[in-house]
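These two chains come separately, so use the hints to put the complex back together.
Heads up: the protein sequence lines correspond to chains S and B, in order.
Each residue of the first sequence is one higher than the last, beginning at 1 in the working numbering.
Each residue of the second sequence is one higher than the last, beginning at 1 in the working numbering.
The hints are simulated quantities; they were obtained by calculation from the structure and are not laboratory data.
There could be a bad hint or two in this list.
In the BS3-like style, the derived pairs of lysine-lysine whose C-alpha atoms are separated by at most 30 angstroms in a straight line are [to be verified]:
| hint | chain 1 | residue 1 | chain 2 | residue 2 |
| --- | --- | --- | --- | --- |
| 1 | B | 401 | B | 311 |
| 2 | B | 45 | S | 94 |
| 3 | S | 57 | B | 349 |
| 4 | S | 94 | B | 190 |
| 5 | S | 57 | B | 311 |
| 6 | S | 113 | S | 41 |
| 7 | S | 20 | S | 57 |
| 8 | B | 190 | B | 311 |
| 9 | S | 57 | B | 336 |
| 10 | B | 45 | B | 401 |
| 11 | B | 423 | S | 20 |
| 12 | S | 41 | S | 20 |
| 13 | S | 20 | B | 311 |
| 14 | S | 94 | S | 57 |
| 15 | B | 423 | B | 45 |
| 16 | S | 94 | B | 423 |
| 17 | S | 20 | B | 336 |
| 18 | B | 423 | S | 57 |
| 19 | B | 336 | S | 94 |
| 20 | S | 94 | S | 20 |
| 21 | B | 349 | B | 401 |
| 22 | B | 423 | B | 311 |
Far from chain B, some chain S residues (derived; all Cβ distances over 10 angstroms) [said to hold, decoys possible]:
| hint | residue |
| --- | --- |
| 23 | 4 |
| 24 | 5 |
| 25 | 6 |
| 26 | 7 |
| 27 | 37 |
| 28 | 43 |
| 29 | 46 |
| 30 | 59 |
| 31 | 105 |
| 32 | 114 |
Backbone N, C-alpha and C define an ideal beta-carbon position, used for all residues, glycine too.
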Amino acid sequence: MSATVRVPLEQIARARSGDKGNSSNVGLIADSDALYDVIRKEVTLERVAAHFGALVKGRVERYELPNLRALNFILHESLGGGGSASLRTDAQGKTHGQALLLMQIDVPEPLLKDARGVAPAPSPGARR
Amino acid sequence: MIRIGNGQGFWGDSVDAPMRLVEDGPLDVLTLDYLAEVTMSIMQKLRRRDPEAGYASDFVDLARRLLPRIGSNGVRIVANAGGVNPEACRRAVASVAVAGGRPDLAIGIVSGDDIFARLDEILASGVRLENMDDGRPLSAVRERVLSANVYISSFPVASALAQGADIVLTGRCTDPGLVLAPLIARYGWKEDDWNRLAAGTVAGHIVECGAQCTGGNDSRWWEVHGWDRIGYPVVEGEEDGSFVVTKHAGTGGRVTIGTISEQLLYEMGDPRRYLTPDVTADFTTIRLDEAGPDRVRVSGVRGAPPPPTLKVSIAYLDGWKATGQITVSGPRAIEKARVCADALWGRLKRAGLSYEATETEYVGLDACHGPLTPADAAPGEVVLRVGVRDPDRAKVDRFGKELAPLVTTGPPGVTGFAGGRPKAAEVVSFWPALIPRELVSPSMTVVRAAEVAGALR
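Chain B with its partners taken away, still in its complex shape (with noise of 0.2 angstroms):
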């Protein structure tokens, strides 16, 4: 068996979690998940200003507080952490590694998902890169493109952990493919056994959230204790590629059929075409079964050939917006807030302007569920929430200007703005496209953390 745990759900998640997996109970591999669409894009802006940027610089701080834990009679990390810049992620993290005494690490970079700087060459090759949602093809937005990253296999992953990596740093693979990979390379799964490599990317599945599969957005939430303390989760892997899903020992949270089965549906397309690199995973022949508390046994997981094509997540740049918010209270708020919003349209009106796209929500009233709000809902104060979007920056930085005067010029009981005129903001959309995979070749280094630094000298 392996034991197998995430602590990062995305860039931003606890900074304590990755600390208590590996302190608080066995664990042989720590996975971390830092990379949603729109960090690779972040990511590349950061590396055109510096070369040495572009990874999660976070997981080098992570790693300094793990070294002493690291290694093969510790922990093994594999993480998304490389960015759009895996080698300078593991340059980084040498230097830590030597100065923390441990030049003995070895880690290992997967590379070959950043297809950013060779887009025109495969463009030219006559390769579209259509946009999957509406056919346009990418040179319709070309120039704005900020970076293109190709979801790649999890066996490079794999055959880094086999060749001995204590760490794995990758780019753009997928997020169920840092669980699938550690399976892979302890058990020797093939790039054909269908069944278990599904049966491993359910794991992933499971787990990428971090704690949203250990009570974090339990339906039932009020029957749900310790949130203080809530664990992140732990896949015990078993050769035939059934699992368990549990959390250590003394955590706060829980891991039950219903809590596995929430995260199991989320995010989810056609649950029969469940598509990875990797593997068709079928979510319909998962079984779940009670093993002991907070132990949810997961088998007879099918899964059948990958598509011929890879996807690309490729970020754009798509306008400007700005955003921004007024409370308004007393009798009769939401009316109040009514008139506010009425009046602040009607002058960007008069000034001439008018938007791709507006916004006007009231928070406390009806902004995440619209037309499913009570009828008689009468909040004792309401906030006002206004946006605008268009390719025109001008345009957005007026509405900026337009929000402000509401506290002198509308109705009694506004105030609340706070942290100056709203600002616009780069839009950044992403564009889903497929790729064949013969354009993309994947490939693996593991290197000691000594030679690594010296390299640097």
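Here chain S stands alone, though its shape is the one from the complex (with noise of 0.2 angstroms):
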């Protein structure tokens, strides 16, 4: 076994989100098959629904595409209300895919190699 390394997986996926209703839906997209395989295997639908915690007021349903390289996640009653009853910012959420990136998960140090979210030094004036 090669040592892991706790990566968010902004570094390793790229992620989608957009809504149905009162529902948001998660698309998350791993760097090659390699990491697929770690996420398939971390980012289980407990992790999700853990990690999203009470901004989920629903269930999480999880679906697998393995011809994208891809997991597909639906966060039942998400978006206060949904559509134009919600009195959210965000009341279609589109920043679920950004905020499911913020999670941290190990993988195999090797397999980084491939990883290509990793953005390049803020430029002059920019700020994190």
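Structure follows, in structure tokens:
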């Protein structure tokens, strides 16, 4: 077994989210086949539910799309009513993908060679 | 091969993108998606005030700009700009065409999706139009319904194109159907050609949000260049259903397996069962390959028959809401903002008010990601954003009067109360339901602009 490194999902995967009524969905796409095996094992339904915590009032569903190296999560009752009824800034779950990328997972160190999500150092004037 | 570009992802998207798609590279068909769910109810309201309104008026201006380039030697257009009044939209476009020296333009409309006027008849026949989320029958909110539209098949749109329409205007056809229809028309795909129909649906799904597949929202945004001239997507569709997604040379953004994968997952439910009126597409069968710079080939898509029912999108009035905000700055900004929020809600409680729903957000701290916010975050300023929702308008109005006093009755460093008191706005909610196919009969007509305009005199 090689050593593992704890990294944010942002480093090894892409994400996109959208809405359907009062639910959002988050697609998560790994940077390589080996990294897909890692997220498939690590990014479980239970961990995603725990990660979003009180942001999600309903259940979480999880689907696998190995052809796209992707997982799809449905976060039920996560939009404060959804559509025009929601009082939230993010009534459409547009930012839930970015939220999932904050999750920290353990990755075998050699697999990080395929990680594409390492942003360059901030340009002058930019702030984190 | 047929080139189909989508220049509009929603009503309010870039006004120049459709022009750029037509002028900056080769294109056979321009598609334009104007209709979000909430748009139909807005259009129904407009139509109640003016029988010649109720469609995407932006399209008429665009048609005027594009006039010389529309037609079989240029570009044909498929747009759901018809909203809840495709006939009026056609009359407006025909007037513009005749005035602009194009009386020859053949304009098709597809109708039959709008069942608002037939609702009582449909309910009386025993179809309850139950809410797909909670099972309630539509009768529970019947008197508050604003609009009701069925997502209809792409074949009537394809028929209009096959009959020579230069422009096809639809109401509530599906978003991917705008792209599927010209593929059906071009290659003569049949109604049970499930794999090809699924492939065309996937093509439509990828491009329906415009630049969201060409660099917009790309997770690796720092690798994207040319944001100021971002290219909109072009599908190069083949007879066998496979296609390439690309964008015009010289435009900004990018098309990669990454950008296409992300958009494939946008608003996705069960990936094996992507349901449309035309087909059930299986997104786990999609194969993506790089096919050169800014080119991704999509193949292998499998499909199955669609469900026996069609989806109805019903909009209804669902109470009132208001939101407002103030800015809190300086030392211990977040603590002070919390004091403001507690004061506001405490004062409303003392006034004897409670609400169906309330929201308190600290924009700049945790508005979007709530519990995921780092505990040590300490911004120098934060926007306190508060909101209420309730069936009683008077209570919502009373809330609107409670925000401004915080500027003088709370902690220091509070500012940014501009734009007057938060105003009560009507909440329009959605009621997704299913309807048997046989109760819906879409129809299509194609008429020359001169003829449409002539009938107006």
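Here is what the structure says about each hint:
Only pairs whose Cα atoms come within 30 angstroms are accepted, and residue 401 of chain B paired with residue 311 of chain B is rejected, the gap being roughly 41 angstroms. Taking the CA atoms of residue 45 of chain B and residue 94 of chain S, the gap is near 28 angstroms; set against the 30 angstroms cutoff, the hint holds. Distance hint between residue 57 of chain S and residue 349 of chain B is fulfilled; the C-alpha atoms sit about 25 angstroms from each other, no more than 30 angstroms. In summary, the hint linking residue 94 of chain S to residue 190 of chain B is not supported, as the alpha carbons are separated by about 37 angstroms, beyond the 30 angstroms threshold.
Pair hint residue 57 of chain S plus residue 311 of chain B holds up; C-alpha atoms about 26 angstroms apart against a cutoff of 30 angstroms. At most 30 angstroms may separate the alpha-carbon atoms for a hinted pair to count; residue 113 of chain S and residue 41 of chain S meet this at roughly 19 angstroms. This hinted pair checks out: residue 20 of chain S and residue 57 of chain S have alpha carbons roughly 15 angstroms apart, not beyond 30 angstroms. Simply put, residue 190 of chain B and residue 311 of chain B have alpha-carbon atoms about 22 angstroms apart, close enough for the 30 angstroms limit, and the pair holds.
Distance check on the hinted pair: residue 57 of chain S and residue 336 of chain B sit about 28 angstroms apart at the alpha-carbon level, within 30 angstroms; holds. Distance check on the hinted pair: residue 45 of chain B and residue 401 of chain B sit about 28 angstroms apart at the alpha-carbon level, within 30 angstroms; holds. At most 30 angstroms may separate the alpha-carbon atoms for a hinted pair to count; residue 423 of chain B and residue 20 of chain S meet this at roughly 27 angstroms. Of the pairs offered as hints, the one joining residue 41 of chain S and residue 20 of chain S holds, with about 27 angstroms between alpha carbons and a cut-off of 30 angstroms not exceeded.
For the suggested pair residue 20 of chain S and residue 311 of chain B, the alpha carbons sit about 14 angstroms apart, so the restraint of at most 30 angstroms is met. At roughly 17 angstroms between alpha-carbon atoms, residue 94 of chain S and residue 57 of chain S fall within 30 angstroms of each other, so this suggested pair holds. With a C-alpha separation of about 19 angstroms, the suggested pair residue 423 of chain B and residue 45 of chain B falls inside the 30 angstroms cut-off, and the hint holds. A distance of roughly 25 angstroms separates the Cα atoms of residue 94 of chain S and residue 423 of chain B; the hinted pair therefore holds under the 30 angstroms criterion.
Between the alpha carbons of residue 20 of chain S and residue 336 of chain B the distance comes to roughly 36 angstroms, so the proposed pair goes past 30 angstroms and is violated. Simply put, residue 423 of chain B and residue 57 of chain S have alpha-carbon atoms about 28 angstroms apart, close enough for the 30 angstroms limit, and the pair holds. Simply put, residue 336 of chain B and residue 94 of chain S have alpha-carbon atoms about 29 angstroms apart, close enough for the 30 angstroms limit, and the pair holds. As the CA atoms of residue 94 of chain S and residue 20 of chain S are separated by approximately 11 angstroms, the hinted pair is consistent with the 30 angstroms bound.
Of the pairs offered as hints, the one joining residue 349 of chain B and residue 401 of chain B holds, with about 14 angstroms between alpha carbons and a cut-off of 30 angstroms not exceeded. For the proposed pair residue 423 of chain B and residue 311 of chain B, the alpha carbon gap of about 34 angstroms is over 30 angstroms, so the pair is violated. Every C-beta of chain B lies more than 10 angstroms from that of residue 4 of chain S, the closest at about 23 angstroms, which supports listing it as non-interface. Residue placement check: residue 5 of chain S keeps its beta carbon more than 10 angstroms from all beta carbons of chain B (closest about 20 angstroms).
Under the 10 angstroms C-beta cut-off, the non-interface status given to residue 6 of chain S relative to chain B holds; the minimum distance is some 16 angstroms. At the 10 angstroms boundary, the C-beta of residue 7 of chain S stays outside the reach of chain B, the nearest C-beta of that chain being 15 angstroms off. Its beta-carbon lying about 17 angstroms from the closest one in chain B, residue 37 of chain S satisfies the requirement of being farther than 10 angstroms from that chain. Its beta-carbon lying about 14 angstroms from the closest one in chain B, residue 43 of chain S satisfies the requirement of being farther than 10 angstroms from that chain.
Separation of residue 46 of chain S from chain B is adequate, the least Cβ-Cβ distance of about 16 angstroms exceeding the 10 angstroms criterion. Interface exclusion of residue 59 of chain S from chain B stands, the closest Cβ pair being 13 angstroms apart, more than 10 angstroms. Even its closest Cβ contact with chain B, about 15 angstroms, leaves residue 105 of chain S beyond 10 angstroms, as expected for a residue assigned away from the interface. Against chain B, the non-interface label of residue 114 of chain S holds: every CB pair exceeds 10 angstroms, the least being about 13 angstroms.
In terms of the numbered hints stated before, the structure departs from hints 1, 4, 17, 22, listed from lowest to highest.
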